[in-house]
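Work out the full structure: start from the sequences and follow the hints.
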Amino acid sequence: MDATQFSAEYSELFPKIYSYIAYRISDRQTAEDLTSHTFLKALENIEQFDASKASLKTWLYHIAQNTLIDHFRSHKPQSSIEAAEKISAEDDVLESILTQENHERVKALLEKLSAEQRKIVLLRLWDDLSYKEIAELTGKTEAALKMTFMRALSLLRSETITFLSFFILFLIQIR
Amino acid sequence: MKNTKTILAELLLLDPSLKMHKEALTELIEEIQKSRPNITWDKQFYKSLRAEILSELPQTQSFSFMKSFTLAFAVLLLVAIPTSYYLFNAKVPSDQLVAENTAKTEFTPIEPNAFGTLNLNTNAYGNGLGGGGDLDSNGDARSTQYVYTYTGDTLPSLASTMDVIAPAPYTEQEFNDFLASKNLTDWNNSGITNFNFNVAIQNPNWKNLCGSYLPCDGEDENTLKVFPQEELLSDDEILGIFNTFMADHHLATDTIGTFAAPFISDHYENGITTYSPLATLNYDLMINGHTIYGLSGVPLIGAANVDMVNKEVMDFQSLTPEKFITSAYATATNDELFSAAKFGGLDNSGLQTAKENSSDTVSLNLGTPTINTIQMLDTSTSDYKSYYAPAYFFPVLDAETSGAPHFVIVPLVKDLLSQLDQSW
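Those protein sequences? They're chains A and B, same order as listed.
Residues in the first sequence are numbered from 1 upward in steps of one, following the numbering used here.
Residues in the second sequence are numbered from 1 upward in steps of one, following the numbering used here.
Worth double-checking, as some hints may not be accurate.
[To be verified] Some chain A residues well away from chain B (every beta-carbon gap over 10 Å; in silico):
hint: 1; residue: SER19
hint: 2; residue: THR30
hint: 3; residue: GLU32
hint: 4; residue: ALA54
hint: 5; residue: SER55
hint: 6; residue: LYS57
hint: 7; residue: THR58
hint: 8; residue: LYS112
hint: 9; residue: GLU133
hint: 10; residue: LYS140
[Stated by the list, open to error] With a straight-line Cα cutoff of 25 Å, these simulated DSS-like cross-link-like pairs (lysine-lysine) come out:
hint: 11; chain 1: A; residue 1: LYS146; chain 2: B; residue 2: LYS22
hint: 12; chain 1: B; residue 1: LYS22; chain 2: A; residue 2: LYS57
hint: 13; chain 1: A; residue 1: LYS112; chain 2: B; residue 2: LYS19
hint: 14; chain 1: B; residue 1: LYS225; chain 2: B; residue 2: LYS207
hint: 15; chain 1: B; residue 1: LYS43; chain 2: A; residue 2: LYS16
hint: 16; chain 1: B; residue 1: LYS207; chain 2: A; residue 2: LYS132
Hints were generated in silico from the structure; no laboratory data involved.
Don't be surprised by glycine CBs; every beta carbon is placed ideally from N, CA and C.
Structure representation (structure tokens):
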């Protein structure tokens with residue numbers, strides 16, 4: 001992989017990386033800034049890219065992920081190092097969903113998941129990444145990721161039932 | 001929704017009991033997918049970032065280009081160009097060279113045209129060859145064709161033939177003997193049996209960091225140790241470890257060029273950016289002191305990772321042969337080379353567009369060229385073969401203001417030149 005090949009991949013990868021960032025950052029200007037940072041950092045370090053370890057796509061996602069984390073860390077006041085360590089790119093996803101109409105229920109459900117579960121669910125369902133790509137991005141095995149995803153969805157399904165039960169009870173009570 | 005069936009099938013495969021909740025899961029998956037924010041991007045931003053990336057490419061190349069050549073080279077070029085000048089020129093000076101050579105690279109001449117018809121195979125390298133420029137939105141054909149006029153010094157005629165280099169064929173036994181002579185037999189855990197040009201080998205101790213600092217077998221990242229920032233080694237210490245490795249294993253350092261600064265990786269762990277215990281260092285790949293360029297004009301880079309915990313080289317990604325063979329090939333005339341340079345040399349991806357619409361041309365000037373070595377890969381077989389041939393690198397004098405590539409590359413070997421579309 002050299003820098004010229006990298007530029008040729010740009011048109012395919014730009015929409016994916018921009019979307020990945022924009023899903024998690026509701027501000028358009030910031031999303032553009034972080035997308036620029038991701039691509040230019042990748043270009044700067046293109047010699048570090050090892051196609052035998054990961055695809056260019058997941059390498060870029062990795063840089064985008066770290067860029068997001070750095071952004072959240074530097075833009076959120078933290079009261080302690082421990083709090084700073086807990087920052088995840090997926091935390092702000094919930095804020096992003098809040099800006100969407102009619103998705104309060106999804107937000108409420110995703111809040112039931114751990115940050116790690118939420119991250120994997122969204123990489124799979126929003127970013128359309130395969131388990132192999134998520135494995136390259138997170139350093140986890142595909143088997144572990146599938147299990148985490150399955151448990152997360154099972155949890156969400158049971159939460160959906162609980163939610164509906166409360167809703168039905170509420171309806172009964174107000175009658 | 002896209003992928004819903006696939007996602008559901010994967011879930012049912014893991015836990016068939018979920019089949020009874022199939023409908024609920026389908027609704028859940030689709031609801032989460034629908035909650036995805038609607039994203040559109042500004043086309044102007046898309047274009048400006050692409051332009052910024054492309055503008056960065058020539059700067060990098062130009063730096064290496066300038067670094068590698070001195071005024072003395074230009075003077076020599078005017079006096080005479082010996083057949084193998086580009087092969088046997090003095091080594092590039094650097095303040096960060098590796099330890100003194102402990103082995104010598106051998107070049108053995110064989111019969112002319114011994115490698116058969118050489119193939120530029122430019123498709124294997126992507127488009128936009130020659131160092132940037134304004135590729136179209138698909139990243140391929142250039143919408144503007146640059147037309148170059150040579151304004152440099154009068155060049156002496158080239159020798160009628162020049163050498164093309166290839167790694168000498170190593171039998172499996174010879175390769176194993178080579179590894180044994182370097183005390184690297186147990187580093188070849190990938191079972192490689194020959195050189196194409198450089199091969200990656202790995203320290204048998206590579207598992208030392210597994211489970212403690214690195215997740216090698218799917219360990220839970222939360223149980224891993226975080227490498228403390230205060231234990232990062234200095235650049236000098238990292239280079240020292242690498243130099244010791246090179247000396248201890250009697251490696252031919254004349255194929256290894258200058259080091260880039262070690263790269264400290266960002267490692268995602270526990271939600272924060274931390275430090276990896278592996279430091280990566282880079283270096284230009286060279287043959288006999290000369291940087292090797294890809295067909296895109298970017299120098300080929302090697303890499304090694306240093307384990308900063310155990311203070312040893314963890315992998316070496318550029319084990320290079322010490323024996324090469326050289327074969328003479330007919331060179332083109334300067335007039336032929338200038339003709340090819342007129343339309344961008346290797347970077348003539350917009351020529352077809354320009355033929356169809358002559359208004360899409362921009363006139364630019366070229367300065368006096370220097371000679372570099374370019375690598376060609378024969379990808380027709382599973383074990384890629386590499387060849388190294390001389391090429392003119394013409395500086396584009398108006399590159400800064402025009403956004404054009406910073407130089408035009410034209411291979412000197414007639415065989416290669418004939419593969420470029422130069423018709424108008």
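Discussion item. Output the indices of the hints that this structure fails to meet, ascending.
Written reply: 1, 3, 10, 12
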